[in-house]
Each structure stands twice: as structure tokens, then as C-alpha cells.
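Asks: Assembling the complex is the task here: the two chains are given apart, and the hints tell you how they should meet.
Line by line, the protein sequences give chains R and P.
Throughout the first sequence, residue numbering follows the working numbering, covering 5 to 315 in sequence.
Throughout the second sequence, residue numbering follows the working numbering, covering 5 to 218 in sequence.
Because the hints were derived from the structure by calculation, they are not lab data.
Since the model is a prediction, treat every value here as computed from it, not as a measurement.
Treat the hints with care, since some could be wrong.
As the list claims (entries may be wrong) - Residues on chain P that point at chain R, a partial pick, calculated with CB under 7 Å:
#1 D125
#2 V152
#3 V153
#4 E163
As the list claims (entries may be wrong) - Far from chain P, by Cβ distances over 12 Å, these chain R residues were calculated:
#5 V35
#6 R76
#7 L95
#8 Q110
#9 Q164
#10 D168
#11 D264
Idealized CB from N, CA, C, for every residue including glycine.
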Amino acid sequence: MADVLSVGVNLEAFAQAISAIQALRSSVSRVFDCLKDGMRNKETLEGREKAFIAHFQDNLHSVNRDLNELERLSNLVGKPSENHPLHNSGLLSLDPVQDKTPLYSQLLQAYKWSNKLQYHAGLASGLLNQQSLKRSANQMGVSAKRRPKAQPTTLVLPPQYVDDVISRIDRMFPEMSIHLSRPNGTSAMLLVTLGKVLKVIVVMRSLFIDRTIVKGYNENVHTEDGKLDIWSKSNYQVFQKVTDHATTALLHYQLPQMPDVVVRSFMTWLRSYMKLFQAPCQRCGKFLQDGLPPTWRDFRTLEAFHDTCRQ
Amino acid sequence: MGVTCVSQMPVAEGKNVQQTVELLTRKLEMLGAEKQGTFCVDCETYHTAASTLGSQGQAGKLMYVMHNSEYPLSCFALFENGPCLVADTNFDVLMVKLKGFFQSAKASKIETRGTRYQYCDFLVKVGTVTMGPSARGISVEVEYGPCVVASDCWSLLLEFLQSFLGSHTPGAPTVFGNRHDAVYSPADTMVQYMELFNKIRKQQQVIEKRKPNQ
Numbered sequence: 005m006a007d008v009l010s011v012g013v014n015l016e017a018f019a020q021a022i023s024a025i026q027a028l029r030s031s032v033s034r035v036f037d038c039l040k041d042g043m044r045n046k047e048t049l050e051g052r053e054k055a056f057i058a059h060f061q062d063n064l065h066s067v068n069r070d071l072n073e074l075e076r077l078s079n080l081v082g083k084p085s086e087n088h089p090l091h092n093s094g095l096l097s098l099d100p101v102q103d104k105t106p107l108y109s110q111l112l113q114a115y116k117w118s119n120k121l122q123y124h125a126g127l128a129s130g131l132l133n134q135q136s137l138k139r140s141a142n143q144m145g146v147s148a149k150r151r152p153k154a155q156p157t158t159l160v161l162p163p164q165y166v167d168d169v170i171s172r173i174d175r176m177f178p179e180m181s182i183h184l185s186r187p188n189g190t191s192a193m194l195l196v197t198l199g200k201v202l203k204v205i206v207v208m209r210s211l212f213i214d215r216t217i218v219k220g221y222n223e224n225v226h227t228e229d230g231k232l233d234i235w236s237k238s239n240y241q242v243f244q245k246v247t248d249h250a251t252t253a254l255l256h257y258q259l260p261q262m263p264d265v266v267v268r269s270f271m272t273w274l275r276s277y278m279k280l281f282q283a284p285c286q287r288c289g290k291f292l293q294d295g296l297p298p299t300w301r302d303f304r305t306l307e308a309f310h311d312t313c314r315q
Numbered sequence: 005m006g007v008t009c010v011s012q013m014p015v016a017e018g019k020n021v022q023q024t025v026e027l028l029t030r031k032l033e034m035l036g037a038e039k040q041g042t043f044c045v046d047c048e049t050y051h052t053a054a055s056t057l058g059s060q061g062q063a064g065k066l067m068y069v070m071h072n073s074e075y076p077l078s079c080f081a082l083f084e085n086g087p088c089l090v091a092d093t094n095f096d097v098l099m100v101k102l103k104g105f106f107q108s109a110k111a112s113k114i115e116t117r118g119t120r121y122q123y124c125d126f127l128v129k130v131g132t133v134t135m136g137p138s139a140r141g142i143s144v145e146v147e148y149g150p151c152v153v154a155s156d157c158w159s160l161l162l163e164f165l166q167s168f169l170g171s172h173t174p175g176a177p178t179v180f181g182n183r184h185d186a187v188y189s190p191a192d193t194m195v196q197y198m199e200l201f202n203k204i205r206k207q208q209q210v211i212e213k214r215k216p217n218q
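This is chain P alone, in the form it adopts within the complex (with noise of 0.2 Å):
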């Protein structure tokens, strides 16, 4: 597992989604890149339930169940600001007898999808981000495998993005800023994932709000 950087590339001006995606992946090819198949990353958000809150009344916590199909056997689990648990496949099964306690949020599934690409040593993949039927946005992963240490490698990284995302190229991930020569972890990849589908969802709940304006 080497040091991953998740950002999120504006859609481009006068254009679509599909159309955004296909000039990056042109852009990569150009570069060098090779397919190597694709790529799936999904979340589901869970409440707990008002019965467990008790007689305090504090706010309900919000978990997320993330699968990524770079680790297909695993299944990780997280808060917001919290701990991040790794576990295998049958978490899902246990989330569903864990049903009084965790209440899955409606509507509440976004995921990612699209291809990988390898371009010597760094794995780039660029996705489509989808709540229910619609794309909202694209997700750019990029993991340089041979570094495991974040803050070594960040001025490398950077180069490599700017040459391909140009000026949307994102600044360093609040992750890299927490752990100092700690080893990277693909925990740290899914707490990255889980923010940007957090502010694709806030991007659209601006935009709802402003629809019954216009």
C-alpha cells in the first residue's frame, strides 16, 4: 500500500461529466498510462438510532461502511473523526442484525466507478462519482506504491498531479498532515474517499436548496 492522494476535478466549463472524464483519460494515455481494468468504491451511511441516544440527547453519530475494490475481501467502517475499522466482507452481514442500533440513512449510497491506469510506478484511478442514477462529480485517486512514509513524498506527488490535472491540481490531504512518518495505511485512503463524497454531498444540497429560487 503506498501514499495515496484523492482529490476531486471540477467538471469543466460547457461540458458534461462523461465529457470531463474522457479528456483526462486522453490526457493520461497521452502521458503513457496503460488500462489495467477497473475500479469500484462505494459508501453507505448509517445513523444510530434514536433509541440508543438515551435520556441526553446528544446528536446521533454518523457511521460510514466503505467497500473498495482494490481490497475486495474487506470492508471498512468509520466515523467521522474517529477510529476507522478494518474488517472482512461479513461486517455487511452484521450491520444488517445490527439493525436496532445503526439505522442506514435513506438514500444514502454514493460510489465511484471508473478505470484504473498505470503509469510506472503510480496507479491512477479517475472515476465517476453517482448518488442513486446521476453523476455529481469525479474522483481522481492517485497511490505512488514504492513510498509508504506521506510526508516523504508529497513534492513527488505534487509534480505528478500537476502534470496531468494542471491548474485543479488539490493542495496536501489533511491525512498527510496527521501522521508524520507514520506507515500509510489504506485506512487512511477510505477517511479521503469518505470526505470527498461528504462534500459532494454538501455541493449538492447547495444546489437543491438553490433550485426553488431560480
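Bound-form chain R, shown alone (with noise of 0.2 Å):
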């Protein structure tokens, strides 16, 4: 695994480094063995004396001289490369037993796949676009000349630029408000609250949206110790189901190449969640079904219906 981690790493240093730790172990323990051995026998208590001293002091200058040596070979020696892209799981490769628990292998081997999936997907629907059924000129024929993009770089887009998207959305609709945090590592995560209806943390991936969970106006969003609560279903089955809705959606609304037209969509459809107790169902005309009002919102008119009653 050397070959992964050796893109800041100066190899000669290590080696030299290696050896300098064995060397400073090596004068440690003469220490230790010196003063074990105490004084040697000479005929006045002052040279017995004398000579254990000079010997001690000479034994502590090597252990000195080892630790700088060590010290200058570790400046030499660099550290792992940060932008390693599998982060904290590269540590995984320093799993001794490889036979039984190949799991470094395996997901380099995935993440190298989804890469190439990705890139391959783009330019699929690169190619697709230029043989449009539609019939009127789309500027996407165009993208011959934008088509040959070497790597996915949606995938990994600064996070200043999210931030930057996330606020415009934000100043977009006044009565949602979308608070962003990031809690664990880059992925963002936001807090989007519906005026006094609901309360939705969104997880995502760079620009793409990963998962949603969507509560009550008054239920507890954040953990014992204050972060957010990303796993814990909503008490209520109103917003239980609107949470199988929103999962839908992310999976409905999707543009591989303009990730921030996804997400103002997700937004717009998740807005016209505001009037979700005073729409009556447009197929049915009422309120109740089994109980829960009408939590089913079109993807492209907005209107409100029932699970059950929608086309």
C-alpha cells in the first residue's frame, strides 16, 4: 500500500528514519544499563565516582544526538498526502490481516468503479442530449464543445461555492429558512425550516442531495449533546410519510450536470409543504384519509392529494 500513501512521502528519509529510531532506542537502554550497573570498581570513591558520572554523561549526549537526528529526519520524511480522497478510511489500509478482511482493496476498487460510472453517465447523457426528441433547439446541442470534461468535477465542488448556492436559495423563498452546518467533514448538512409547519435536515453530497428526514414544527431536531439528529424518524406519521414523499422527490428531481437547478427544484416542491394542514385533496375534495391529510405534492403543478388518491 506503499504506492498510495507515497505521494508526499520521501521513502529514503523513512528508511533512514527507521534506522535512527533503532538507534535511539539502542543508546536509551545503554542508559539504563549504566545506571543498573552503578559504579565500577577503582581505588578512590572519587574516581568511582568521576568515572560513573562521565560515562552517564556521555550515554545521555548519544541519546540527545539520536533524538535530534530523529527529529530532522521526520521533517524530511513529509506527511500523507491530505487530499487523499478516501480521507480517514485510507487508514484502513494499515489492517495487518489482508486474506480475511480485504476491505481497502474493496473500496478502492468501488470507489474507482462509481468514478468511472460517473463519468461514463456524463457523457451517455451528454451524447443523448445532442439527439433530443424535443423539437425545439435546445442550447444543450451545444455541449460538444464542453463535453469532453476530464473528471466528474461536480462531485467535488468546493464548499465555499455550496455555501454560496445554499444562501441564494435561502434568500429566495422568505418564508423558509435554510441553516447550514458541517458537523461531519464536508458534507453539508441543513436545517430547512417551513414557517410554523415543519422542520427538514437534508444531508448532502457536495451539491447533491443524500437524504432527507422531515419532522414536526416542535419536535426535537438536535441529539442529547447538540448536533443534529439525522437518524431518528418523526413521531408523527404525517411526517413519517412526507418523508417517504421527500425521498421520492430527490430521486425524481435529477440533472447531473446543473446540481443546483436539483436543488432550487427540491426546494420549490418542498415549499408548497407550507399550506400542508389547510389544502384539501384535489381529487377527493377532502381533508382526512385514513387520518393523514393530504401529503402527496405533484412534482410539476404543486397540488396537494392524498397517498392514495394520486394518479
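Replies: Here's what the structure looks like:
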């Protein structure tokens, strides 16, 4: 696994540092041996003491020398590169039992595969968009110039860009407030508060929406230690249903080349839940069906339907 | 705390209080509600002692001290059109100490006891209102948990109430009108209960006044 870590590591200095550690160890054990042996037999007491002190000092000097050597070498060795794509999971490579738990190699393969898939999907979507079935001339046909992208860049967006997009969407809708935080690494977690109706926790991966959880306005969205609770479901059946619909929505609104449009459409769809308790179903005209209000919002028209009434 | 509506169910023709309660609970169970234990709401009346009124001769105000089993660690104290205080249960002990200022009105304790039902996100409580040993009426409380703004979900609540109360569905409670877009709080529920108890007390007084004439 040294080939992966070798990006910033000086292998020469690394080997020298290891031997410097061994030298340091031996000089320290010499110090303790000297102490253990005590004073050598000499004629006078002073002579014995002087010889012991001189020997002890020599040993301490050699320890000091070896320590300085080690420090110098460790500065040369350098750190493993910080923008390691696997970040903390790269430490899995330190697991010695490779045959029984080949986690690291499997992880690498999975990442390479998914990156390749993303790249191929991007190419395919570019090609397919050229052969559009629509009659109107779309500007997507001009993407031949933009097409040869080396890497799927939308996966590795700078956090500042994500912050900007989110704050722009926050200002778009007055009754919806979006609060962004990054408690777990670089993926953003949004807490969207819609009026006094509901709260939504959105977990993102760069600018793509990964998961959502919808909870009531009066429910607690933080855990006991004050962090955002992204796992526990709502206590109310209404909001459990809306969570399912929100998951369907984030799977429905997909556009890999323009993820900020996707986030905007998702937020527009979410905003239609402002009148969750006030709007009757457009199909049956009633408010309640099995005790639930109309929880489904059509993806195009944003009309309210009961879950069982939707076409 | 979701939006709550407290109303009175009139006793059915030719039946007594218990039978009407049974009718209601059977309708609820047919709807699909599950029984979830019991509840109790009680109310004691105090009036300001004469010694504190002074020479102005103003009428003494009535204060109600209420408890709700839904909030077992709290005690609610409210004036008729005035503020509602939410305190912990030591407030009862405090009232004993304030005997000089607030005196308990005699035979004033009124309470409602009954069963709780859960249907989807609705919590329905059907209780028998008793003053002393006798049952005086039926209280129905419906709470819709997910919503906290009263004006939002009144139509929804109304539809649900109609499904099992039928023609006895009440109108919108007065507390809903007062607070537009404010978050609903347990104090509003207690105000509704206080109004209900007062109504039942007045009905009782009317019945008792009629009796000597018959």
C-alpha cells in the first residue's frame, strides 16, 4: 500500500528515520544499563564517582544526538497527502490481516468503479441530449464543446460554492429558512424550517442531496449533545409519510450536469408543504383519508393529493 | 403540544351519561382508534378574600386552579379573562399558604375523567364531568399532534370531529380566534376546559333553579 501513500512521502528519509529510531532505542537502553551497573570498581571513591558520571554523561549526549537526528529526519519524511480521496478510510490500509478482511482494496475498487460510472454516465447524457426528441432547439445541443470533461467535477465542489448556492436559495423564499452546518466532514447538513409547519434535515454530498428527514415544528431535531440528529424518525405518521415523499422527490429531481437547479427545484417542491394542513385533496375534496391530510405534492403542478388519491 | 379542541357532547335522548359515553367510545373504536389509558382534568375555584378588597367594593375575582394528567408535573392557575400561569405541583401547597388572600369556594371541585384513544395522529379523550358524586355532562377533547398553529388546521379538525360526533360538532373555540399564527400552548387547552366547566356549572344552576317550581 506504499504506492498510495507515497505521494508526499520521502521513502529514503523514511528508511533513515527507522534506523534512527533503532539507534535512539539502543542509546536509551545503554543509559539504563549504565545506571543498573552502577559504579565500576576503582581505587578511590572520587575516581569511581567521576568515571560513573562521565560514562552517564556520554550516554545522555548520545541519546540527545540520536533524538535530534530523528527529529531532522522526521521533518524530511513529510506527511501523507491531505487531499487523499479516501481521507480517514485510507487508514484501513494499516490493517495487517489482508486475506480475511480485504476491506481497503475492495473500497478502492468500489470508488474507482463509481467514479468511472459517473464519468461514463456524463458522457452518455451529453450524447443523448444531442439526439433530443424535442422539436425546440435546446442549448444542450451545443454541449459538444463542453463535453470532454476530464473528471466529474460536480462531485468535488469547493465548500464555498455550496455555501453560496444554499444562501442564494435561502434568500429566494421568505417563509423558508435554511441553516447550513458541517458537523461531519465536508458534507453539508441543512436544517430547513418551513414557516411553523415542519422542519427538514437534508444531508448532502457536495451539491447532491443524499437523504432527507422531515419532522414536526415542535419536535426536537438535535441529539442530547446538541448535534443535529440525522437518524431518528418523526413521532407523527403525517411526517413519516412526508419523509417518504421527500425521498421520492430527491430521486425524481435529477440533473447531473446542473446540481444547483436540482436543489432549487427540490426546495420549490418542499415549499408547497407550507399549506400541509390547510389544503384539501384536489381529487376527493376532503381533508382526511385514514387520518392523514393530503401529503403528496405533484412534482410538476405542486397540487395536493392524498397518498391514495394520486394518479 | 398540538392544537386541541375541547367541546361538550350533549347527553343523548332517553339515555344517561354513561350510555352516551359508551356510544361514543364504540364509534371511536369502529373508526379504528386504540385505547391508550385514562386521563383526568380537575378544577378548583378560589375567590379573593373579602379582607383584600379594600374600600372600593370591587367584586372579587375568581381564580381557577387546574391539573391535567397529560402534564403531570404542572399546575395551571387562571383568571376568567386574564392570564394563565403554568407552575409546578408545589403551587397547590402555595395556595394553602395563601389562605388569607384566596379562599376556596365551597363545593367547587369539578373534574372530568375518562379514556384516551389514539387514532393516527389524533388523540381523543372522552370524559365524564362530575361535580361531587354525580355526573353532570360529557367532555370531548381532540388533539392533533403535528400542527402547532391553530388557524391552520381547524378545517382538518372539524372534518375529524364530524366523522364521529356527527351533528353535535362544535364551532371553533374562542381561543383559536384570539391567536393568529401564534404557537398553540397547553394553557389554551386549560382555558377551554375552564369555559366548559363554567358552562356545565351554569347549566346545573339553571336546572336547580327550575326544580322548586316543578
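Asks: Look at each hint and say if it fits the structure.
Replies: Going through the hints against the structure:
The beta carbon of P:D125 is positioned within 7 Å of a beta carbon in chain R (closest approach about 5 Å), and the interface hint is therefore held. Interface hint at P:V152: satisfied, since its Cβ lies 5 Å from the closest Cβ of chain R, which is below the 7 Å cut-off. With 7 Å as the threshold, the beta carbon of P:V153 comes within range of chain R, its nearest partner Cβ sitting at about 5 Å, so the hint holds. At its closest, the beta carbon of P:E163 sits 5 Å from a beta carbon of chain R; the interface hint therefore holds under the 7 Å criterion.
Against the 12 Å criterion, R:V35 stays outside the reach of chain P, whose nearest CB is about 67 Å from its own CB. Chain P leaves R:R76 outside its interface by the beta-carbon criterion, the shortest separation being 65 Å against a cut-off of 12 Å. Annotated as non-interface, R:L95 keeps its C-beta farther than 12 Å from every C-beta of chain P; the closest such distance is 44 Å. Every beta carbon of chain P lies more than 12 Å from that of R:Q110, the smallest distance being close to 43 Å; the non-interface claim holds.
In this structure R:Q164 is separated from chain P by more than 12 Å, as the shortest Cβ-Cβ distance comes to about 36 Å. Against the 12 Å criterion, R:D168 stays outside the reach of chain P, whose nearest CB is about 32 Å from its own CB. Every C-beta of chain P lies more than 12 Å from that of R:D264, the closest at about 31 Å, which supports listing it as non-interface.
Checked against the numbered hints given earlier, this structure breaks none of them.
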